[in-house]
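As you go down the protein sequences, you meet chains G and R in turn.
Residue numbering for the first sequence follows our numbering, beginning at 30 and increasing consecutively.
Residue numbering for the second sequence follows our numbering, beginning at 39 and increasing consecutively.
Honestly, the hints are just simulated from the structure, not real lab data.
Mixed in with the good hints, there may be bad ones.
[What the hints assert, rightly or not] One side of the interface only, derived from the structure: several residues of chain G facing chain R at Cβ under 7 Å: (1) Leu37; (2) Ile39; (3) Pro133; (4) Leu152; (5) Asn159; (6) Ile280; (7) Met313; (8) Leu323; (9) Ile324.
[Claimed, not checked] Now the stretches of chain R that chain G is said to cover, found in silico as 3 or more residues with beta-carbon under 8 Å: (10) 102-115; (11) 124-130; (12) 145-151; (13) 209-219.
Even for Gly, the Cβ is constructed at its ideal location relative to N, Cα and C.
Listed here are the chains, written in short residue letters.
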Amino acid sequence: MSGFAKPLKIALGLAVIAALIVVPMNFNRYGLFILSQWAVMTIAAMGLNLTLGYAGQVSLAQGAFVGIGAYAAAIMTTHGWPLPAAIVVAIVLSFAVGWVLGYPALRVQHHYLAFVTLAFSTLAFLVFRNESWLTGGIYGISNIPRPHIFGLATNKPLPFYYVCLGSLAIVSLAVWWLIRSPWGRAFMALRENPLRAQSLGVDTRRYTLMAFAIGSALGGVAGALYAPLTQYIDPVPFNLSLSLDLLMMVIVGGAGFYFGPFLGAMIAVLLPEWLRFTEGYYLMLYAVAVMLLLIWSPTGILGILDRYMAARRTRAASALRAVAKSRLETAQ
Amino acid sequence: MSNLFDLLVAGLATGAIYALVAVGFTLLWQTSQTINFAQGEFVMLPAFLMLAAMHVGAPFWLAIILGILLSMILLGLAFKLLLVDPMMRHGVLPLAIATMALAIGIKEAVKQFFSAEASPFPSIVPTGDISVLGHAVSLQSIGVLVVAILAVFGLTTLLNRTSLGHQMQAAAQNPTVARIIGVPVERMILLTFLINAFLVALASLLITPIYLAKFSSGEVLGQAAFIAAIVGGFNQVRGAIAGGLLIGVLDNLAAAYVSTQYRAAVPLIFLIVVILFRPQGLLGRAEERTV
Numbered sequence: 030m031s032g033f034a035k036p037l038k039i040a041l042g043l044a045v046i047a048a049l050i051v052v053p054m055n056f057n058r059y060g061l062f063i064l065s066q067w068a069v070m071t072i073a074a075m076g077l078n079l080t081l082g083y084a085g086q087v088s089l090a091q092g093a094f095v096g097i098g099a100y101a102a103a104i105m106t107t108h109g110w111p112l113p114a115a116i117v118v119a120i121v122l123s124f125a126v127g128w129v130l131g132y133p134a135l136r137v138q139h140h141y142l143a144f145v146t147l148a149f150s151t152l153a154f155l156v157f158r159n160e161s162w163l164t165g166g167i168y169g170i171s172n173i174p175r176p177h178i179f180g181l182a183t184n185k186p187l188p189f190y191y192v193c194l195g196s197l198a199i200v201s202l203a204v205w206w207l208i209r210s211p212w213g214r215a216f217m218a219l220r221e222n223p224l225r226a227q228s229l230g231v232d233t234r235r236y237t238l239m240a241f242a243i244g245s246a247l248g249g250v251a252g253a254l255y256a257p258l259t260q261y262i263d264p265v266p267f268n269l270s271l272s273l274d275l276l277m278m279v280i281v282g283g284a285g286f287y288f289g290p291f292l293g294a295m296i297a298v299l300l301p302e303w304l305r306f307t308e309g310y311y312l313m314l315y316a317v318a319v320m321l322l323l324i325w326s327p328t329g330i331l332g333i334l335d336r337y338m339a340a341r342r343t344r345a346a347s348a349l350r351a352v353a354k355s356r357l358e359t360a361q
Numbered sequence: 039m040s041n042l043f044d045l046l047v048a049g050l051a052t053g054a055i056y057a058l059v060a061v062g063f064t065l066l067w068q069t070s071q072t073i074n075f076a077q078g079e080f081v082m083l084p085a086f087l088m089l090a091a092m093h094v095g096a097p098f099w100l101a102i103i104l105g106i107l108l109s110m111i112l113l114g115l116a117f118k119l120l121l122v123d124p125m126m127r128h129g130v131l132p133l134a135i136a137t138m139a140l141a142i143g144i145k146e147a148v149k150q151f152f153s154a155e156a157s158p159f160p161s162i163v164p165t166g167d168i169s170v171l172g173h174a175v176s177l178q179s180i181g182v183l184v185v186a187i188l189a190v191f192g193l194t195t196l197l198n199r200t201s202l203g204h205q206m207q208a209a210a211q212n213p214t215v216a217r218i219i220g221v222p223v224e225r226m227i228l229l230t231f232l233i234n235a236f237l238v239a240l241a242s243l244l245i246t247p248i249y250l251a252k253f254s255s256g257e258v259l260g261q262a263a264f265i266a267a268i269v270g271g272f273n274q275v276r277g278a279i280a281g282g283l284l285i286g287v288l289d290n291l292a293a294a295y296v297s298t299q300y301r302a303a304v305p306l307i308f309l310i311v312v313i314l315f316r317p318q319g320l321l322g323r324a325e326e327r328t329v
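Make the full structure from the sequences, and use the hints.
Following this line, the structure appears as structure tokens:
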């Protein structure tokens with residue numbers, strides 16, 4: 030992305046933000062629901078991007094943390110607690126569980142870690158389904174209220190969309206800050222070469238656990254917003270396929286790129302909707318599109334852009350060199 | 039006691055099917071570092087190919103042959119050439135994600151072109167019970183066990199007793215050296231994909247009469263085979279066989295003695311314990327550390 034001039038980038042960013050605020054104003058109920066879902070899934074995918082894309086720890090459990098956050102929010106708000114309190118609890122709970130899930134990562138890596146987290150994801154689903162005294166079992170929890178923010182009710186789809194968008198903005202800023210902080214650099218050191226990071230004095234143990242805990246906490250935030258968005262939750266949306274979908278979002282968008290999750294969530298949430306005119310074929314086309322994209326560019330959409338920019342920079346640099354060389358020759 | 043005996047037989051029968059699927063899974067991993075998340079769907083699809091052949095009028099035996107051939111073309115040849123080959127050099131993760139997308143694609147295709155409902159599937163073994171050591175044991179369990187054991191026996195003979203098998207093992211263990219001494223590595227990798235396709239088609243033929251043919255049935259199967267492969271040892275064929283049998287028995291015992299609600303949790307917890315304390319699997323060799 031660094032190929033654009035800076036003012037151009039800022040202008041583009043502002044235009045996108047303005048469009049996200051203004052354009053949905055005359056969307057119907059369903060359009061707003063889909064867009065809110067995009068914001069929520071982007072938050073969850075950003076968390077996974079921290080764990081996977083920046084710190085290099087494969088996790089197939091992000092969906093379980095969305096579930097933990099959603100159940101925390103659903104149980105608390107239906108018992109009269111305000112949503113912000115529920116979000117805090119969701120963050121703390123997911124952070125703690127994510128920290129514990131990070132321990133296997135200290136022992137095993139790569140595909141083994143993927144399988145441990147996969148097993149955890151299915152175990153979490155079983156708990157959601159079977160502990161009906163807490164989670165309502167297969168009947169789920171209904172009538173989840175939407176919050177009042179500064180005294181304003183957000184029952185209607187549009188105000189709640191702004192709640193989701195605002196939360197996305199806050200999370201985006203926090204993540205932006207995090208990956209530029211020494212922590213973010215430590216995460217990347219962990220991904221690139223854990224042995225070297227350790228020999229340079231990075232406490233790899235602590236940062237591995239942190240990468241899991243923070244990524245999971247963002248999954249919890251997404252879940253805490255998902256519950257009031259749908260206003261009804263049951264265990265089904267939080268099964269293994271959500272974890273796989275989130276992983277797909279991160280990879281398709283571009284793992285380790287800041288804007289990867291935004292694009293990945295857009296493709297995973299919006300593309301099936303745009304393909305809906307094809308009726309029963311839409312998920313099939315989606316699957317084919319993802320496979321073709323990954324064959325073309327295994328580093329995702331932003332990987333294509335990154336390569337294009339790199340090629341352009343190289344061309345520009347060699348053009349400059351050629352000019353400099355010819356000047357040198359004429360001067361002689 | 040008789041209850042325990044029945045559970046063990048039933049567990050071994052499902053375990054033998056898991057073992058077939060898990061063996062294919064480890065073969066793909068060994069020769070091409072493919073973690074096939076669509077392996078469960080690979081088991082689900084051949085049954086539908088056979089049903090489709092029967093719909094157009096083929097008798098059952100011909101449908102089986104056609105189904106196995108079609109699976110080897112689609113799930114062996116096409117899978118390798120169209121998806122694995124272009125992605126192999128990019129590392130494990132993008133390919134694993136691509137197989138997840140493939141799993142969605144296969145599921146949706148079956149749902150769309152065939153049926154969203156569960157369809158009955160004829161059994162190759164006659165139904166009924168026979169008496170073994172004074173216990174009534176279903177013929178189906180015994181048939182499944184016999185076919186699975188024959189398949190596994192055939193495969194291990196191929197791998198360990200024939201020149202072709204030795205070439206395959208060489209290609210899996212050290213492709214560079216294998217190439218130097220003249221092993222056609224590419225052809226060997228293709229062969230493992232064809233063997234995997236054959237094994238999943240066989241597993242499909244054995245398990246579908248028990249659980250019916252349904253587009254979503256691959257999810258549970260894939261996960262069971264997955265767990266079996268890792269528990270037994272990711273880099274060993276005999277590990278996958280042992281893992282399959284173990285998971286099959288464990289699953290059946292858990293359903294009877296733990297609780298039906300949490301039966302699925304027992305193999306998962308077992309998996310986590312094995313990975314944490316013996317990551318190479320019960321029978322596996324440790325992999326070298328890659329820096």
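The hints, checked one at a time:
1. A hinted interface residue such as Leu37/G counts as satisfied when its beta carbon comes closer than 7 Å to some beta carbon of chain R; here the least separation is about 31 Å, so the hint is violated.
2. Of the supplied interface hints, the one on Ile39/G is violated, with its beta-carbon coming no nearer than about 32 Å to a beta-carbon of chain R, more than 7 Å.
3. For Pro133/G, the suggested interface contact is upheld, since its CB lies about 6 Å from the closest CB of chain R, less than 7 Å.
4. Hint status for Leu152/G relative to chain R: holds, with the closest Cβ pair at about 6 Å, below 7 Å.
5. Given the 7 Å rule on beta carbons, the hint for Asn159/G holds: about 4 Å separates it from the nearest Cβ of chain R.
6. With a cut of 7 Å, the hint placing Ile280/G at the interface with chain R holds, because the nearest CB-to-CB distance is about 5 Å.
7. The beta carbon of Met313/G comes within 4 Å of a beta carbon in chain R, closer than 7 Å, and the hint placing it at the interface holds.
8. Satisfaction of the interface hint for Leu323/G is found here, the shortest Cβ-Cβ separation to chain R being roughly 5 Å, below the 7 Å cut-off.
9. A cut of 7 Å between beta carbons decides the hint on Ile324/G: the least distance to chain R is about 5 Å, and the hint holds.
10. Here the region 102-115 of chain R counts 0 residues with a CB under 8 Å from a CB of chain G, which misses the bar of 3, and the coverage is violated.
11. Counting residues of the region 124-130 of chain R whose C-beta sits closer than 8 Å to any C-beta of chain G gives 5, which meets the bar of three, so the coverage hint holds.
12. Using a Cβ-Cβ cut-off of 8 Å, 4 residues of the region 145-151 of chain R lie near chain G, which meets the minimum of three, so the contact claim holds.
13. Counting residues of the region 209-219 of chain R whose beta carbon lies closer than 8 Å to any beta carbon of chain G gives 0, which falls short of the minimum of three for the stated coverage.
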